[in-house]
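Spelled out from the first residue to the last, the chains are:
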Amino acid sequence: MSAFLLNRLLQSIVLLVIVSIIGFTVLNLMPGGPLAQFGLDPGMTQKDVERLAAQLGLNRPLWIQYLDWAWRLIQGDWGHSFRDGSAVLSVVGHHLLATLLLMGTSTALAIAAGTWIGIRGATHRYSLFDYCATVGAMVALSVPTFWFGLIGIYIFTLKLGWVPAGNMYTIGDGSVLDYLHHLILPSLVLSLVHVAIWSRYMRTATLDALSQDFIKTARAKGVSERRILLKHVIGNALLPMITLAGMQLPSILTGALVTETVFTWPGMGRLFLDSLGYSDYPVVMGLLIFSAILVVLGNLIADIVIATVDPRIRLA
Amino acid sequence: MTAIVAHSAPARWWHSRAVNRFMRHHLALLGIAMITLLVLACAIGPYALPYDSLHIDLRARFAPPLTGHHYLGTDPLGRDLAVRLLMAGRVSLAVGFSAMLLSTLIGTLVGVTAGYRGGWVGAALMRTVDGFLSYPSIFLVLALAATLRPSPVMIAVIIAVTSWMETARIVEAEVRSLREREFVQAARMVGLSRAHIMFREILPNAMGPIIVAASLAVARAILLEAYISFLGYGIQPPLPSWGNMLNGAQQYLASAPWLAIIPGAAITMAVTSFNFIGDGLRDALDVRNDHI
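Line order of the protein sequences matches chains E and D. Here the first sequence stands for residues 1 to 316, numbered as in this note's numbering. Here the second sequence stands for residues 317 to 608, numbered as in this note's numbering.
By construction, these hints were calculated from the structure, which means they are not laboratory data. It should be emphasised that the depicted structure is a prediction, and the values quoted were computed from it without experimental measurement.
Keeping only pairs whose Cα atoms sit at most 25 Å apart, straight-line, the calculated SDA-like set for lysine to any residue is: (1) E:159 x D:389; (2) E:159 x D:577; (3) E:159 x D:571; (4) E:231 x E:112; (5) E:159 x D:392; (6) E:47 x D:463; (7) E:159 x D:564; (8) E:159 x D:568; (9) E:159 x D:570; (10) E:159 x E:180; (11) E:159 x D:567; (12) E:159 x D:382; (13) E:221 x E:238.
To be clear about the criterion: a stretch of chain E counts as covered by chain D if any three or more of its residues have a C-beta under 8 Å from a C-beta of chain D, and this derived list gives those stretches: (14) 7-18; (15) 135-145; (16) 151-157; (17) 258-265; (18) 273-286.
Even for Gly, the Cβ is constructed at its ideal location relative to N, Cα and C.
In isolation and in its complexed conformation, chain D is listed as follows (with noise of 0.2 Å):
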């Protein structure tokens, strides 16, 4: 049995076509280049520097980009951009990488469920996903990040729970085309259970569709988190997020302006490259649907 599995099995993951195609795409790269270097500096950097992310300087305060080992200068209490733009990158990717996970989790299992039952419970699941889908997404994660205190797990779990629609509309799609399908058909006859045949047969189909939409969802997460932290119901400080390093920098925008570009170059940063390997996946997996 073994023996023939393996003899099936394409030759090497990375010789598969998808993968192929990925690597033609050439923005994909360069998002997967941009991620790499920006986890990397994050978990690496706040070491190499001189300075804690908390450490304050009065005599400091100000100092334009490349003030001494200030490299990106230094915000209005004199703790350095540099060390704070990198630790709020944690917290930020941290928070985005948690609520994608759990929203693609939360709309898959709805989606798969609404996509195979049909019926009157597809229905029901679907119009609430409708009904979800109309309110605009930072009233609901605003009113929820403000009275259920926020701490960045909180964060990503509201996210979370205000951006999984997406995903299961897709995934419902999806598997309704396949339900019919006749590898589903001789499942059921062979009488696998219905958890078995939604989970361990039709999901693995649905994946390519999954995992675009997953990729988005990081993006989608980074960009609300920074939405409400600059709003000052996110991450709260003295805890840096990109997002509440910029909440402050509007009074200071004609004085110190490095500290409203910075931050916000590194949140553009970070959702561009998981847009850009969003974008190549789907080519890659050839995934069809008419979202951006």
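So that you can see chain E by itself, here it is in the shape it has in the complex (with noise of 0.2 Å):
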């Protein structure tokens, strides 16, 4: 177990070194590289410009920029926000809970809805429901998020006036209860897409458990067909989808962050826009390498629970 930990420890490190390359690449990308906005700034002449620089150490080379960065990163020093000078570490984690108590909900949904129509469709294969369900799921996954979560403020809010059209509570209000009354809609709306993908998923693990050998003993031996799905089928079609969790992150915060935008929710997805449009490229940055860190880390967690869970994948 240690071996395959330490392995992919140091996997997610050298990942994690990638990914910081990508940033560092993206934000030199940026015209003007990190002092575009003050290229825009009448007061500046040219020489302020490049004394800011030489005093920001921009002007030496890239490969100690790139390491004085990612040392700075590593020690927590993200950078300040352009807007209000706070450090976007601590700007990142006020909008991180809202985010994941949305990208929380809406794949707990995800999840269970999936599940069960993955194992019925497996179960009743080539029925209606079956083929309804795969034509649905390929339509939900061409819908875009922002237009299913604009149909639903229609219907439901504009309409039928069951829920808020937006934000996480009601100023004054903030109990639990009204915290759940604005989740609803937009975990819905982004639970659509993961829905589609997780029962396509669990339809094909399904498929696979149900073929395999211990079910055929099972069912000589007499056990209930209800007991089989319940104890053999399930149990082992769900171990790939801990994996399949973890890759669907990069989309599910793809999701939130239009999700966040439609439905005015404070996450990261809302910062990130907001910053973008001030052009605060050290909180957008900081967004940037985070997302990312949380998917290397996501994925990192889905393999250590999968390995605990599942004795074959660190013994192979």
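Build the complex: two chains, separate frames, hints provided.
Following this line, the structure appears as structure tokens:
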């Protein structure tokens, strides 16, 4: 187990280095580099910009700048927001919880619905239900998340008046129920794509599990179909889903950004767009790197979990 | 020599098993039909409609669908929605296609190189793929689009450089398994150059998965363009795209819901079609992979 862990840990560190190089490249791609916004300031001459560049060490070779930048990241010095001067890491931290709440709820919804649809599709293969689920999943994968959100707001807020159109809580209320009330629509919207993905994978995984020899043995022993499904199939089919959940993280974050914009949800996605609007590059860069780190760590955790549950993985 | 080649070639390409299987895939045929319809409508439609996509008519603001000759209604500036939708379709489909071509090209080059060379070159390339895949695509695309002055060409390039990784992974796996086959060893023994073996001997045998990935890549590129244009960092007005038509739609959702519903339906239709076609191609070309 420890050899497996060490191996995975090393892989993740290598990946983080590559991720940081990509991020650093993006930062330097911005026209005028990190000082772009001063170029537009009429109060600053070319000389001022050069002096500032020298002061900030931007005239050094790129690889030294990279090492310096990466070393600061590791130490937790992610720079300061252009907008109010607060530390980037704390700004990101303030918005992390709202995003995690949205992502967590919608992922839980997607797993529940997708597991049920997938298993039912596999046990009733080629039935009308299976066919509708297959076509439905493909259409769901093609619907732009923000459009689904707009339609949701139109029907459930404007026409039916069941749920609020946005924000995370009502000012002056803020009870748990109030939070839940605000959470319903955005998390449903965000979960749609993932229900589709999850149900497709779950169907395949269930079919795989159903064709295994131990299922035949169980059937031969006279175990009831229901018990086979609950005890032998679901457990085995859910295992690969842990890896899938890790793999889905980038797309969940992408969906979260769009959903947060439509529902004015105060998470990382909204912060990212606001910061883009203000050309607040330290925060934009911070969020970019942070989201990638979140993904790498999420995958690492998924691998550790699956290795703990499934001895075949760590022994292979 | 030519006679032998002519003899050994299959009867007619449209009699092949792949085409047969594709023709039996109803959803794929539906996808082809929908896309043909969309492309034709976008190509010809604007000439048939009595309005210009940029013609502002402040007396006809917020006309609901089926008002006079405004078949799909008008927008907050009184511009005809139908003609704008079709003009936007040209932009969105063109960006989607070009992004697909470029991302398939990058993905194939990286995949073939990594798969055939292997060793540290292959490892470095594939870890780069992993690195790019760790970024949620929209964060990367937005950060680039916000700084690089978005034109349609630039948007296509930005989408391509952030979405070539899936193709690279698929091609790499395919090439790695083809590398040790007899015909490649034979080619090596004959003394063919590495580039010749990679692109003339191996690549044609890996075309199936590449074509499938490409059809799904169009779908993804159209979606991604819609996302960033909706958020205001993609195609810039007055040039319409399906995404930027939705950009201001949210604030008029109560009074003019068609502004949101119609362009979104067009996006969904186009993306669904390409996903259906991709699914049909996967069945027809017998490509096995675990992606949706």
